[in-house]
Amino acid sequence: MQKIEAVIQPGKLDAVKEALVEIGIDGMTILEARGHGRQKGHTEFYRGREYSVDLLPKIKLEVVTTDEMAEKVVQAIITAAQTGAIGDGKIFLSRIDDAIRIRNEDRGDLAL
Amino acid sequence: MGFAISGTVLAQSQGERIAALEKQVADAKTAVVSAQSAGDNAWMLVSAALVLMMSGPGLALFYGGLVRKKNILGTMMQTFAMMAIITVLWALIGYSLAFGVNNGVSGSFIGGFSNALLHGVGLVPDGVYVTTIPLQTFMVYQLMFAIITPALITGAFAERMKFSAMLLFLTLWAIFVYSPMAHMVWGQHGLLNAALGGKFPTLDFAGGTVVHVTSGISALVTCLYLGKRVGYPKEPMPPHSVVLSFVGACLLWVGWFGFNAGSALAANGLATSAFVATHFAAAAAAISWSAAEWMKNGKPTALGAISGAVAGLVGITPAAGFVTPISAIAIGLITGAFCFFMVFIVKMKFGYDDSLDAFGVHGAGGTIGAILTGIFANSAINPIFGAGKATGLLEGNGKQVLNQFVGVALAWGISIVGTLILLFLVDKLVGLRVSEEDEREGLDLSQHGEEGYHAEMSSH
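Here the protein sequences line up with chains A and B, keeping their order. In this text, residue positions in the first sequence follow the numbering used here: the first is 1, and each later residue adds one. In this text, residue positions in the second sequence follow the numbering used here: the first is 1, and each later residue adds one.
Hints are computed from structural coordinates only; laboratory data are not their basis. None of the values given here were measured: they were computed from a predicted structure. Any given hint could be a false lead.
Okay, derived cross-link-like pairs now, DSSO-like style, lysine-lysine, Cα gap no bigger than 27 Å in a straight line [as the list claims (entries may be wrong)]:
#  : chain 1 : residue 1 : chain 2 : residue 2
1  : B       : Lys-389   : B       : Lys-199
2  : B       : Lys-69    : B       : Lys-389
3  : B       : Lys-69    : A       : Lys-40
4  : A       : Lys-40    : B       : Lys-234
5  : B       : Lys-228   : B       : Lys-349
6  : A       : Lys-60    : A       : Lys-72
7  : A       : Lys-60    : A       : Lys-12
8  : A       : Lys-72    : A       : Lys-12
9  : A       : Lys-40    : B       : Lys-296
10 : B       : Lys-228   : B       : Lys-69
11 : A       : Lys-40    : B       : Lys-299
12 : A       : Lys-72    : A       : Lys-90
13 : B       : Lys-347   : B       : Lys-162
14 : B       : Lys-428   : B       : Lys-228
15 : A       : Lys-60    : B       : Lys-69
When you get a sec, could you build the whole thing from the sequences and use the hints?
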């Protein structure tokens, strides 16, 4: 089992969601987040005073899936979220030891 | 009536007819008076409500959006507290000090106690301040001005004054600064009263000096006395919701029709003239502030546009009811650009923390507006010095600009001295500032024990 954590542009959420549903992923968790990587923030002006905003709104998406599906998920996210510009986001993969469905105590791949 | 009328019958009927006609004329006169009273009173009650709407929700939203979210309730409460406290104070002595009859020497500066507890403020015109509406309508209309004026000052000391100190300071301020100033400009025998025989007739239609210069200058004094907010200007303190400010500013614009056009105290042509001037000046100032900002920073902001409109409304306040629509546009353009200069250049240069620009907009805009009134006032709009007599500089009455300076100088003087004394007093009595810890936590929690926004909503 693997966990895929993707930080993407908020405007790309719908496209990524659709792409994941298309390859058969039916569970995901979405978090509204703030952050930045190499992308610098922007400047805002209020009555002449300049404010630099460096933590930008982002979406963090989490999917836990089987080892076989993981690469497909990564590809689907890349295809849907890529614009080629700085700030497109990042994807992180990590191993998951186990998963449990609370309703009926299914474990492992069965619980996904 | 018969066809053949004998002499006696005719004589009788003539007498009866004359009596009937006299009664008819008298009835018609009564009907005209009560019709005018009904029309004027309807407009003045609506105007009073509009001016209250400028404080809450107008100013509360305008200021509330400009502070950080930990201070929104504290900021809104400051304006709302004025709605409650000044109202009661007005009934006790405020109205009497501002508009009470005072025939003594001090009558040039302050009203007496003759109308304390609203004694004698009834439901008929008094013949001095009003001739067609109940004096009580005039009283409650003027009350709304007395509420918003101290509320305007709160913008300068936002995010750092104790609630208790604010209550005490602004209550005393209403008594010792606002009431005398209102009396001098609008009260019977007032030193600056242009309509009721003042020595230095200052033109102030709706409160450029009484409301905006006094509040704006007191705002500057207060923010200097109090010092900057903790972290200012190093820490970023952007407005937490320009959206709230935007709604507030638009409510202010609409409410200002009651403020300025209502100051005609009648539903007449003068009210229309003031209404039109108000609207045109607000629009023109929104344009000039935005244009200046666009040129300086490369982008016209929403906050800039609404700030400009408010500046224009301030600038036209003394002039509405004296100037043509085209002059109103000129006043708006000048005031918008001038206030932009005060907020963007002067404030940055001197570094005072006039947090929400109460001085930059109201003090500066009120001052320039009062001077411009002496330039643009026109006897064709309002022959206040007599029909055909030159009123403003452009008509040939250069002396009026001097009188305007006298009015402004008096307003500056009483505001600086009065505010300094009151701040010193309140500081000694209860302390003006919240502790640094409370300031970091925010006024909402430290002063009121509540929060404007719940934690789960506070990520944006």
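Each hint, compared with the structure:
1. Straight-line distance between C-alpha atoms of B/Lys-389 and B/Lys-199 comes to about 18 Å, which keeps the hinted pair within the 27 Å bound.
2. At roughly 54 Å between alpha-carbon atoms, B/Lys-69 and B/Lys-389 are farther apart than 27 Å, so this suggested pair is violated.
3. The suggested pairing of B/Lys-69 with A/Lys-40 holds, with an alpha-carbon distance near 25 Å, which does not exceed 27 Å.
4. For the proposed pair A/Lys-40 and B/Lys-234, the alpha carbon gap of about 20 Å is at most 27 Å, so the pair holds.
5. With a CA separation close to 15 Å, the supplied pair B/Lys-228 and B/Lys-349 stays within the 27 Å bound.
6. At most 27 Å may separate the alpha-carbon atoms for a hinted pair to count; A/Lys-60 and A/Lys-72 meet this at roughly 18 Å.
7. Note on A/Lys-60 and A/Lys-12: the hinted pairing holds, with a Cα-Cα distance of about 11 Å set against a maximum of 27 Å.
8. A distance of roughly 18 Å separates the Cα atoms of A/Lys-72 and A/Lys-12; the hinted pair therefore holds under the 27 Å criterion.
9. Using a Cα cut-off of 27 Å, the hinted pair A/Lys-40 and B/Lys-296 holds, with the two alpha carbons roughly 24 Å apart.
10. Between B/Lys-228 and B/Lys-69 the alpha-carbon distance is near 18 Å, which keeps this suggested pair within the 27 Å criterion.
11. Between A/Lys-40 and B/Lys-299 the alpha-carbon distance is near 20 Å, which keeps this suggested pair within the 27 Å criterion.
12. Under the criterion of a C-alpha separation no larger than 27 Å, the hint pairing A/Lys-72 with A/Lys-90 is consistent with the structure, at around 16 Å.
13. About 24 Å separates the Cα atoms of B/Lys-347 and B/Lys-162, which keeps this hinted pair within 27 Å; it holds.
14. Pair hint B/Lys-428 plus B/Lys-228 holds up; C-alpha atoms about 19 Å apart against a cutoff of 27 Å.
15. At roughly 25 Å between alpha-carbon atoms, A/Lys-60 and B/Lys-69 fall within 27 Å of each other, so this suggested pair holds.
When each numbered hint is compared with the structure, a violation occurs for hint 2 only.
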